[in-house]
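Number of protein chains: 2
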Amino acid sequence: MKTARNTAAKTEIQDLIVTSNVALSHSEIQKSLDGLCDRVTIYRVLERLLEEGTIHKIVNVDGVVKYAGCHSCSKKHSHNHIHFSCQKCKAVTCLEDVEPSYKLPKNYKVSEMNFTLSGLCPQCL
Amino acid sequence: MKTARNTAAKTEIQDLIVTSNVALSHSEIQKSLDGLCDRVTIYRVLERLLEEGTIHKIVNVDGVVKYAGCHSCSKKHSHNHIHFSCQKCKAVTCLEDVEPSYKLPKNYKVSEMNFTLSGLCPQCL
DNA sequence: ATTCTAATGCAACAATGTTGCAAAAGTAAT
DNA sequence: ATTACTTTTGCAACATTGTTGCATTAGAAT
Ligand SMILES: [Mn+2]
Ligand SMILES: [Mn+2]
Ligand SMILES: [Zn+2]
Ligand SMILES: [Zn+2]
Numbered sequence: 001m002k003t004a005r006n007t008a009a010k011t012e013i014q015d016l017i018v019t020s021n022v023a024l025s026h027s028e029i030q031k032s033l034d035g036l037c038d039r040v041t042i043y044r045v046l047e048r049l050l051e052e053g054t055i056h057k058i059v060n061v062d063g064v065v066k067y068a069g070c071h072s073c074s075k076k077h078s079h080n081h082i083h084f085s086c087q088k089c090k091a092v093t094c095l096e097d098v099e100p101s102y103k104l105p106k107n108y109k110v111s112e113m114n115f116t117l118s119g120l121c122p123q124c125l
Numbered sequence: 001m002k003t004a005r006n007t008a009a010k011t012e013i014q015d016l017i018v019t020s021n022v023a024l025s026h027s028e029i030q031k032s033l034d035g036l037c038d039r040v041t042i043y044r045v046l047e048r049l050l051e052e053g054t055i056h057k058i059v060n061v062d063g064v065v066k067y068a069g070c071h072s073c074s075k076k077h078s079h080n081h082i083h084f085s086c087q088k089c090k091a092v093t094c095l096e097d098v099e100p101s102y103k104l105p106k107n108y109k110v111s112e113m114n115f116t117l118s119g120l121c122p123q124c125l
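Residue numbers (the working numbering), protein chains in the order written: chain A, 1 to 125; chain B, 1 to 125.
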C-alpha cells in the first residue's frame, strides 16, 4: 500500500491554496514559496492534492490553470459551481453558491463541468 | 486602413474549421494542412479569423485550445452556448441550442463565458 | 506593370508541463 | 537511536504550445 507523507512542500502549498480566497496558479505558488522547493515538486504536490480531493483545478478562459481549495468535496470531486475570472484584477474566484442549470438535447453522460464567466468582479466594477 | 487579403492558407484553414462538425486544435489543423504553411502562419490566421468573427475559440477542460465556426455571430462574438467534450472519442462539439441559466449573487459584469461539459457523447454512450 | 503593404517563413525565444533517475527524507519497526 | 523501506525531491533533459522580430513573398488596387 502507499502511505502518504507530510513534507514541508506539501504542507506549505496546501496551506497557501486553502487559505487563499482566490485561485492560485503554479507560477503564483512558486513565487510565494520563494525557492522552498523545485518547480517540478510543485507540479507533483498539486497532482497529489488533486487526487486527495483537497483542491480542485480550474482552467481559465485564457487557458491559465489555477487551483482552489475544495469545500464540499469528500474524496470524490463534485464541482457544479461557477468560477469568475476578473479581466481587470485577474482574480479567479469560486462562486460556490452559483449552480447553473441547462438541459442537454440528446443522450449525453456528463461527468465533469468547467464553467467560467469573465468580466468585472464587484471590487473592480 | 487595413485591407484583408485572401491567401491559400487562410482559405484552407477557414474551410477546414467551418466545414468540420467538431472543433479543431492547432495541431489537428497543422496535420490536415500537411505542410501547406508554417506553424506560425496557422496561429496568425486563426487570430485573424477570430477577429473577423468567422470562428470562435474554446478552451477545453484539459486546457487544449480548439476552434469552431461561428453561426450566429455577426462581427461581435456572442457565445452563450455550451460545449461538450467527449472523454472517449475526444471530440469537442458546439451545442448551439443549449443556453445555460444562472444567477450571480453580487455585482458582477459578465462579458464572456466558457462552459464546457465533459463525459460521453451520444456516439460513445 | 508598378506600387503598397498585408501576409508569410524562419529562427529564436518564453512559458508550461512531463519524465527518468539518483539522492534525500518521512515513517514505522527494531 | 538505528535500521529498513519507500515516498518524495532535485536536477537535467525534453516536449508542447504560443509569441516576436525581421527579411522576403505575394495580394490587390491603380
Ligand atoms: Mn471552484
Ligand atoms: Mn461553440
Ligand atoms: Zn476584479
Ligand atoms: Zn465521443
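Treat the hints as calculated values from the structure; they're not laboratory data. Heads up, a few of these hints could be off.
Chain copies aren't distinguished; within one or between two, either way the pair holds.
To be verified - Restricting the straight-line Cα-Cα distance to at most 20 Å, the calculated cross-link-like pairs of lysine to aspartate or glutamate (DMTMM-like) are: (1) 109 to 99; (2) 103 to 62; (3) 88 to 28; (4) 103 to 47; (5) 106 to 12; (6) 109 to 52; (7) 10 to 34.
Hints and how they fare:
1. Proximity of residue 109 and residue 99 under a CA criterion of 20 Å is satisfied in both settings, with 18 Å inside one chain copy and 17 Å between copies.
2. For the identical chains of this complex, residue 103 and residue 62 are neighbours neither inside a copy (26 Å) nor across copies (23 Å), given an alpha-carbon limit of 20 Å.
3. For the homomeric pair residue 88 and residue 28, the shortest alpha-carbon distance inside one copy (17 Å) is at most 20 Å, but the shortest distance between copies (33 Å) is not.
4. Taking identical chains as interchangeable, the C-alpha atoms of residue 103 and residue 47 are never at most 20 Å apart, the minima being 32 Å within one chain and 32 Å between chains.
5. Within a single copy, residue 106 and residue 12 get their C-alpha atoms no closer than 45 Å, and across copies no closer than 32 Å, so neither meets the 20 Å cut-off.
6. Within a single copy, residue 109 and residue 52 get their C-alpha atoms no closer than 25 Å, and across copies no closer than 34 Å, so neither meets the 20 Å cut-off.
7. In this homomeric assembly, residue 10 and residue 34 come within 20 Å of each other (Cα to Cα) only inside a single copy, at 14 Å, whereas the closest approach across copies is 45 Å.
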